[in-house]
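Protein chains: 2
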Amino acid sequence: MIYLDHAAATPVSDKVFKAMKPYFTTDFYNPSAAYLPAKKVSADYEAAKATIAHAIGAKASDLVITAGATEANNLAFTATKARILYLETEHDSVRRVAEARGGKPIRVLPNGLVDLKDLRERITDETELISIALVNNELGTIQPLSEVSRIIREVKLDRMKRGIRKQLLLHSDASQALTLLDINVARLGVDLLTLNAAKVYGPKGVGALYVSHDARLHPLTVGGGQENGLRSGTENVPGVIGFAKAVELAKDHLNGNRKKYAAWRKILLSELKDYELINKKHALDSFVVICYDGIDAERLVFLLEECGVYVATGAACAASKGVRSHVLAAIGLSESQIAGSLRLTLGETNTMEQVREAAEMINDVVKKEKKFRAKRSMAFI
Amino acid sequence: MIYLDHAAATPVSDKVFKAMKPYFTTDFYNPSAAYLPAKKVSADYEAAKATIAHAIGAKASDLVITAGATEANNLAFTATKARILYLETEHDSVRRVAEARGGKPIRVLPNGLVDLKDLRERITDETELISIALVNNELGTIQPLSEVSRIIREVKLDRMKRGIRKQLLLHSDASQALTLLDINVARLGVDLLTLNAAKVYGPKGVGALYVSHDARLHPLTVGGGQENGLRSGTENVPGVIGFAKAVELAKDHLNGNRKKYAAWRKILLSELKDYELINKKHALDSFVVICYDGIDAERLVFLLEECGVYVATGAACAASKGVRSHVLAAIGLSESQIAGSLRLTLGETNTMEQVREAAEMINDVVKKEKKFRAKRSMAFI
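In order, the protein sequence lines correspond to chains A and B.
Positions in the first sequence are counted from 1; adding 1 to them yields this note's numbering.
Positions in the second sequence are counted from 1; adding 1 to them yields this note's numbering.
By construction, these hints were calculated from the structure, which means they are not laboratory data.
There could be a bad hint or two in this list.
Partial list, computed: chain A residues near chain B (C-beta under 10 Å) [unchecked claim]:
1) Thr-27
2) Asp-28
3) Phe-29
4) Tyr-36
5) Arg-97
6) Lys-205
7) Gly-240
8) Glu-299
9) Val-312
10) Ala-313
If you anchor each label on the Cβ, the simulated ranges turn out as follows [as the list claims (entries may be wrong)]:
11) B/Arg-151 with A/Lys-41: 39 to 49 Å
12) A/Lys-167 with B/Arg-151: 31 to 41 Å
13) A/Lys-19 with B/Ile-165: 57 to 67 Å
14) B/Lys-372 with A/Lys-40: 20 to 30 Å
Since this is a predicted model, take the numbers as computed values, not measurements.
Beta carbons are placed, not taken as given, at the ideal position from N, Cα and C, and that holds for glycine.
Looking at chain A on its own, in the form it has when it is part of the complex:
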């Protein structure tokens, strides 16, 4: 089995699983209970939040734990009822909320980066929130958030001069970024940042939203008042303990993994044949998006599955619904290029051997598919 779809899901690593286990079985107490063992669980939960927060240069009290990135993204948008801007290549959990609130898309350049000129032009005096993912989930494109926040600072300064008192917040979905980027909220200049345990070898169903002091959110759910009243419900203790462990491990292996994936990416790019590289620049090293124009990538996925190689065509969610990728369309790919695109995402389940093997198998499968297509088109003549 060669799994090359780490952007869609990651396994819970052994160390993470081990860290979580006692909180399922022995330290299962409700953190709100009054007796000592429950208070210990509550303290462990807070310490885990502090670990996650620390990894992005924040404090535990800045984080709202959620059931995943989708909820965190939705929660981020409660910061305003006014004008929203979002990058046109955002994940559905940002796009759909933004659209529902009358948000307007910001264009990307053909290289996948945010068009800063377009961004600047679209910001009006009414704009209150801008959402741009740190790393795109289909291309791995790393957005220049500090440049975006520089523009935002300029706008704010200009507004101040003109006596306009309106917030202008920067939200970023960093779901795909934690494994390979050293994230610091102050350096990035973000007010709201989404994190996702499930993409960083932590458990599914756990995420977090970093919230700066400038942002005022409204809870999506009310009740017991947990998470400073922003997200009620008994805390998912094992989930958050696992999330913290996963974040810690990611930080520890950041540099090593970066080098490793860069080397593996090179191997893929040199050993694969007759492909077109889509995410040439500005992408996370773990993302290799390639295109076989004229070939149906969905058939490649099935053929590769038979060889035990698991890859994706577009974002997993979009793919299963039979919708063409809006991301690949946004960077200017043609219909047939989009249809022929594969996303390979490297990760901890892989070895260099596997990467070489995968390249070989992809080459084989593409060759076969081309032959098959040639034969079929001959038959029609």
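Start from chain A and add chain B according to the hints.
Coordinates of chain B only, in the frame set by chain A:
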């Protein structure tokens, strides 16, 4: 260690943990991915949902998986923007949402049961949703939901005769009920039913909302469109697999547990001394709520903690915030009765020996506390 707070949290049972494990580590795929192992995970997830649904006489497609009961309760209330009625003894996750939407409380009788006369009188032609928990989380009171739904049917019939076309839905939070009650949505006559894995020896952070065909909900979060578009976000596969196993086990042991807890309750009631029983009738056998008028139950909790006995004063969430229980106030208890109330909730971590021991220790602690108080008041004379 004698844990008598199973209404606040339950440990994940061994069988549940074992069922979950592979979905963390080996079967970790994103259910939306296109290759076979991911499709198998997706099928397992759907099968787990079917198991949960089956336990309440419903189909998998009737369930929306959530991050717990609080989210499920919040989601249930999206069924209407019109008039809501809720039982005054409801959990905060119902009360707060209902209040925020202008909902009006229905009274309970001194025995904790819904005042059906008050309910009938409060239903107007504008009422669209009524929320009454199947089992109260502080008293264990089992509400006569089928009688409530009979009244609702009468109202609907009357509305129909008068040409009033307005929905009238019954929602019930059944979080505390799954371990000891045989729940059937049709028999209960509910349109919306909240379930909670964490109260039934399943994992924290997982719940479900049963939604009948009559109810039209609006998602709290949008994105990838999972759960029929009602709750986006990558599915918490291990959580739901664990939830299903927990529900299955609960069903298997329903009768045995019912007998066991009934016997243990009798032991507690006969061996405890000088207490007043609060939930005399209509309560789940696992709930024993007692009162020592004039004594501070919070001190009892700490003294018992020193003996390794863990009990609660009120609902765990309310207790930690230092708020007096609105439930005990609603059934007419005085301030000093409320302050002297303990909630003991029996569960699978207990043995008959433990129950006897706990009774003895509670008696000891109460005796000591009474002596201490007598001494102190002497000192002031």
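Hint-by-hint comparison with the structure:
Restraint check, A/Thr-27 versus chain B: the minimum CB separation of about 7 Å is within 10 Å; hint holds. A hinted interface residue such as A/Asp-28 counts as satisfied when its beta carbon comes closer than 10 Å to some beta carbon of chain B; here the least separation is about 9 Å, so the hint holds. A distance limit of 10 Å between C-beta atoms decides the matter here; for A/Phe-29 the minimum to chain B is near 4 Å, and the interface restraint holds. Satisfaction of the interface hint for A/Tyr-36 is found here, the shortest Cβ-Cβ separation to chain B being roughly 4 Å, below the 10 Å cut-off.
Contact between A/Arg-97 and chain B, as hinted, is supported at the beta carbon level, the nearest pair being about 4 Å apart and thus within 10 Å. Hint status for A/Lys-205: holds, given a least beta-carbon distance of 5 Å to chain B, under 10 Å. Interface restraint check for A/Gly-240: the shortest CB-CB distance to chain B comes to about 5 Å, inside 10 Å, so the restraint holds. Hint status for A/Glu-299: holds, given a least beta-carbon distance of 7 Å to chain B, under 10 Å.
Because the beta carbon of A/Val-312 sits about 8 Å from the nearest beta carbon in chain B, less than 10 Å, this interface hint is met. Because the smallest distance between the Cβ of A/Ala-313 and any Cβ of chain B comes to about 6 Å, under 10 Å, the interface hint for this residue holds. A beta carbon spacing of about 47 Å between B/Arg-151 and A/Lys-41 agrees with the range 39 to 49 Å that was offered as a hint. Checked against the hint of 31 to 41 Å, the pair A/Lys-167 and B/Arg-151 fails, with Cβ atoms roughly 54 Å apart.
About 60 Å separates the C-beta atoms of A/Lys-19 and B/Ile-165, a value consistent with the hinted range of 57 to 67 Å. Judged by the Cβ atoms, the range 20 to 30 Å given for B/Lys-372 and A/Lys-40 holds: they are separated by roughly 27 Å.
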